[in-house]
Structures are given as structure tokens and as C-alpha cells.
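Engineer: Sequence:
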Amino acid sequence: MMNRIVWGAFLLLLLLLTAACDPLNPAQNQVALRVGERKITLDAVRGDVERISEEMGLKTEEIRTVFEPLVDRLVERYILLAYGKQEGITVEESELEAALRDIKSDYPSEEEFRSTLLKRYVDFDAWEHQLREQLLLRKIIEKGMEAVPPVSFRE
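Under this note's numbering, the first residue of the sequence shown is numbered 1, with each subsequent residue one higher.
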């Protein structure tokens, strides 16, 4: 528990110091992480931390207690995306459109669907990008699982 609090405090301090270093030059292009050849900017990390925190139902002050799991999940995600890129795994436009149709079918109309996004302060393009990435991650994991032999009853 104490370790998580220390890590959370460290992250918040790092983010504050980095953002305050040069007020005339935003930190949006500063590389925070590197996974393989992929460079992840500080703004991308901030956005991912916020998004994953929201997915986990956390408030800002609760981030400190779950920092390690957040970082683990981010690193795992970036490693999977790097693997997918290396293997040439992509999401076809038709796959994205099919997923969009499936999700939108839960709403009475296109307007209702977009209204729901707006009520949650979610930009459609950003949401669609996240959906594409989720589909990509699913495909990457499925491809990776093809090489894993099934577990027998005795195991």
C-alpha cells in the first residue's frame, strides 16, 4: 500500500515538474516511454492514465493507490501494439464499421448514440480511435493465443 502511494506521488510529481519545465513549449512532444521503436509522448501517457483511470472507475486522488497496475496495463498495451505492428496486424475498415454498427444498434438512433457520447464529454473521433485500438488489441491477443497449445484435461 505504501509502495503504491509512493509511486503515485512520484508520478504526480513527475507530471507536474515536466509540465512546469517550459511554459512556452508544451510537453506534448516529449517522449515519456519507449517500447521497441515506438516513442510514447508525455501527453499520450497522461491521456492513457486518465482513460484507464476512468475505465477503472477511479477519481483523481485514487490514482495514487493504483499507479503500479495502471503502469503495468499501459506497458502491456504498448508491448502488444508494438508486437501487432511488427506482425503486420491491422484492423480493416470493414471490421471497424461492423463493430460500430453493432454498438450503434443498441441505441434507438444515430442521434441518440452521439448524444450519449456528448453527455459523457466524449469526442466521437477519439472514441472511434479507441474502439479501433481495442479491436486491434483483441486481434493481436487472438493471434498470440494461436501459438499456445490448449490445456488438456489432466493438466
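There may be inaccurate statements among the hints.
Derived pair list, reagent style DSBU-like, types lysine-lysine, alpha-carbon separation capped at 35 Å [said to hold, decoys possible]:
hint, residue 1, residue 2
1, 59, 119
2, 85, 104
3, 139, 85
For each label pair, taking beta carbons as the anchor points, the in silico distance ranges come out as [stated by the list, open to error]:
hint, residue 1, residue 2, range
4, 152, 104, 35 to 45 Å
5, 105, 50, 43 to 53 Å
6, 154, 90, 15 to 25 Å
7, 152, 123, 33 to 43 Å
8, 153, 43, 18 to 28 Å
9, 55, 145, 16 to 26 Å
10, 88, 33, 39 to 49 Å
11, 154, 118, 28 to 38 Å
Simulated from the structure, these hints should not be mistaken for laboratory data.
By construction, the Cβ of each residue, glycine as well, lies at the ideal position given by its N, Cα and C atoms.
Engineer: A separate judgement is required for each hint: does it hold in the structure or not?
Structural biologist: Right, here's what the structure says about each hint:
Annotation: proposed proximity of residue 59 to residue 119 holds, straight-line Cα distance about 19 Å (limit 35 Å). About 28 Å separates the Cα atoms of residue 85 and residue 104, which keeps this hinted pair within 35 Å; it holds. Of the supplied pair hints, the one linking residue 139 and residue 85 holds, its CA atoms being roughly 12 Å apart against a limit of 35 Å. Roughly 42 Å separates the CB atoms of residue 152 and residue 104, a value that falls within the hinted 35 to 45 Å.
Range check, residue 105 to residue 50: about 29 Å between beta-carbon atoms, so the 43 to 53 Å window is missed. Checked against the given bound of 15 to 25 Å, the beta carbons of residue 154 and residue 90, roughly 38 Å apart, lie outside it. Under the hint 33 to 43 Å, the C-beta atoms of residue 152 and residue 123, about 48 Å apart, miss the expected range. With their beta carbons about 49 Å apart, residue 153 and residue 43 fall outside the hinted range of 18 to 28 Å.
Between residue 55 and residue 145 the beta carbons are some 23 Å apart, a value that agrees with the proposed interval 16 to 26 Å. Between residue 88 and residue 33 the beta carbon distance is about 23 Å. The supplied range of 39 to 49 Å is therefore violated. Roughly 54 Å separates the CB atoms of residue 154 and residue 118, a value that falls outside the hinted 28 to 38 Å.
Hints 5, 6, 7, 8, 10, 11 from the list above are not met by this structure, while the remaining hints are.
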